[in-house]
Amino acid sequence: MEKYAIEGTPKTPTISFDIQNGVLEIKGRSIPENSIEFYKPLVDALDKYSSASKPATTVNIQLEYFNTSSSKCILDVFKKLEAIHKGGSAVTINWHYEEDDEDMLEAGEDYQAIINVPFKMVQVAE
Amino acid sequence: MIDAYNIYDNMDRNNILLSFKGDITSELLTSILQIMENKMDNMQEEPKTKKKVYNVLVECLQNLYHHMDDATDGKGDKNRSAIFMIAKNNGAYNIITGNYILNENIHGLKSRLDEVNALSKDQLKDYYKSVLNNGEMSLKGGGGLGMIDIARKTGEKLDYNFLEIDNKVSFFTLIIKVTQPQLI
Numbered sequence: 017m018e019k020y021a022i023e024g025t026p027k028t029p030t031i032s033f034d035i036q037n038g039v040l041e042i043k044g045r046s047i048p049e050n051s052i053e054f055y056k057p058l059v060d061a062l063d064k065y066s067s068a069s070k071p072a073t074t075v076n077i078q079l080e081y082f083n084t085s086s087s088k089c090i091l092d093v094f095k096k097l098e099a100i101h102k103g104g105s106a107v108t109i110n111w112h113y114e115e116d117d118e119d120m121l122e123a124g125e126d127y128q129a130i131i132n133v134p135f136k137m138v139q140v141a142e
Numbered sequence: 125m126i127d128a129y130n131i132y133d134n135m136d137r138n139n140i141l142l143s144f145k146g147d148i149t150s151e152l153l154t155s156i157l158q159i160m161e162n163k164m165d166n167m168q169e170e171p172k173t174k175k176k177v178y179n180v181l182v183e184c185l186q187n188l189y190h191h192m193d194d195a196t197d198g199k200g201d202k203n204r205s206a207i208f209m210i211a212k213n214n215g216a217y218n219i220i221t222g223n224y225i226l227n228e229n230i231h232g233l234k235s236r237l238d239e240v241n242a243l244s245k246d247q248l249k250d251y252y253k254s255v256l257n258n259g260e261m262s263l264k265g266g267g268g269l270g271m272i273d274i275a276r277k278t279g280e281k282l283d284y285n286f287l288e289i290d291n292k293v294s295f296f297t298l299i300i301k302v303t304q305p306q307l308i
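Taken in sequence, the protein lines are chains L and S.
Residue 142 is where the first sequence ends in the numbering used here, and the numbering goes up by one at each step.
Residue 308 is where the second sequence ends in the numbering used here, and the numbering goes up by one at each step.
Hints in this document: simulated from the structure, not taken from any laboratory.
Cβ coordinates follow ideal geometry from the N, Cα and C atoms, glycine included.
Treat the hints with care, since some could be wrong.
[Said to hold, decoys possible] Covered stretches of chain S, going by a simulated chain L footprint (3 or more residues, C-beta under 8 Å): (1) 153-160; (2) 166-177; (3) 180-190; (4) 249-255.
[Stated by the list, open to error] In silico contact screen, one side only, chain S against chain L (beta carbon under 8 Å); selected entries: (5) S150; (6) L269; (7) G270; (8) D273; (9) K277.
Bound conformation, chain S alone (with noise of 0.2 Å):
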């Protein structure tokens, strides 16, 4: 028996404005972009806040849409799924995506976060700069500029854990706080 008040408690509790568990599909985040943008207008958030959740969503969800394939290898259907819910607290959002990752790819993954948390606001601009005038594109069109947006768009540390499954997969989760642009 599911218990779905569990589930519930848990979401408000944590204040969960929107959570989804399952395949990331573009329909799927163009319904998600269109549900919080009603939401934040509902809430009458101010339009420097609008907007700066609504970017940081944009690049959180299709983080998410294109590394999806990243960890199917042996694990079949299961790593098609992957988590995001968006919470508020305190007045600042929370971000939250969760997804499978080959444990051969969490270096890589580590260390690019890792640099962009190391970068102070000003070395954020000039590298977003320099990946975007000489970065290669990739196929999955992201071409890294999307983790130093998010940092440079938010003003905070990407916050992240891996949590390891089994010996061929972890749990990748990142957190990414919006907080509202006149307490920054």
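Pulled out of the complex, with its shape left as it was, chain L reads as follows (with noise of 0.2 Å):
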């Protein structure tokens, strides 16, 4: 498996997750009333990363929205990229947030302050 694509829908995220290169994007909205079950492949798909990740792993979010169901799986995603981090792969995360989008921006900086993983804040146009 070289690459991890799924298409987004009105609730849930476009995902893309191209191992070959250690490029991981989370893109849309996230509001699905079960979140576990979303989010399982993907934990699943980093997992299996973690024990023939690449030298470097970037990861691009941007989220529209994402409802506080989601908040706790972006979290475990997150822990599993922290995993990877330290096991020598070095993450970098971009959280994009739209210009005058506050809440997303602090959404990020409360995840920055969990994770220990290096956070880019990048500021979107509308």
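Two independent chains are provided; combine them into the complex using the hints.
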């Protein structure tokens, strides 16, 4: 498996994980009622990747909305990335937020405070 | 005879944009979110306002969705039903939800709401982070973050009421106010 991809829906984000190049992208909305079920395959894919990670791993998060149910799952994803970072792959998490979206910036800062991985806050135009 | 005008007039006077009574399903939530997004687009709301309202709406509706089952014991189908309304008064959005709750569960919910209401903005941020990082994820998915998130994003106290129906159940009403961000 070189690539892991999930098409977005009105309630779930588009996920693409290019294992060959160590690039993970999560984009769109994450507001499913049951987020554990939705994120489990990604957490499993990261588990697999951790045993054969690339020297560098880039993570791009560009969410428009996410619910509190997803917030725990996103933390689980970040915890896997933290383990991968500790394991020797230089992980960077690029947290994108729209320029007037203070809530999304703050959400990124919350994760940054919890997770021991370099975060970059990236402002994007609306 | 149902007095439709009475219901219409009531909704009109309270500036109700959308109202629903019945079973809350995942598909229903998808439709309602879509309708509210379109409405706010048509009303040309600021992107900031739209995001705030949408976020809070998601949490309120999913709270209802996850807790609908809580009061079904003993009273049958009636309690599968909830109500919610979205109103706009003087530029502020009000999201109102109502559902049955078992009397024995009131105490727990009330203390959680009061706990959230007692916290300042900074305390809410710390509380959110600690529940996010340490709290157990419930099977229903929420894990207790919903109310904290709503209070944090709106900057308002959670307004609630418990109306006792009989010795088993009460009707729980929650009113969330979302003001235009530039007015905060």
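Hint check results:
Counting residues of the segment 153-160 of chain S whose beta carbon lies closer than 8 Å to any beta carbon of chain L gives 4, which meets the minimum of three for the stated coverage. Residues of the segment 166-177 of chain S with a Cβ under 8 Å from some Cβ of chain L number 4, which satisfies the need for three, so the listed coverage holds. Coverage of the segment 180-190 of chain S by chain L holds [criterion: at least 3 residues with CB-CB distance below 8 Å; count 5]. Counting residues of the segment 249-255 of chain S whose CB lies closer than 8 Å to any CB of chain L gives 3, which reaches the minimum of 3, so the coverage claim holds.
For S150/S, the interface hint holds, the least distance from its beta-carbon to any beta-carbon of chain L being 5 Å, beneath 8 Å. Evaluation of the L269/S hint against chain L yields a held restraint, the C-beta minimum of about 4 Å falling below 8 Å. Given hint, G270/S at the interface with chain L, holds; its Cβ is 5 Å from that chain's nearest Cβ, closer than 8 Å. Hint status for D273/S relative to chain L: holds, with the closest Cβ pair at about 5 Å, below 8 Å.
Satisfaction of the interface hint for K277/S is found here, the shortest Cβ-Cβ separation to chain L being roughly 6 Å, below the 8 Å cut-off.
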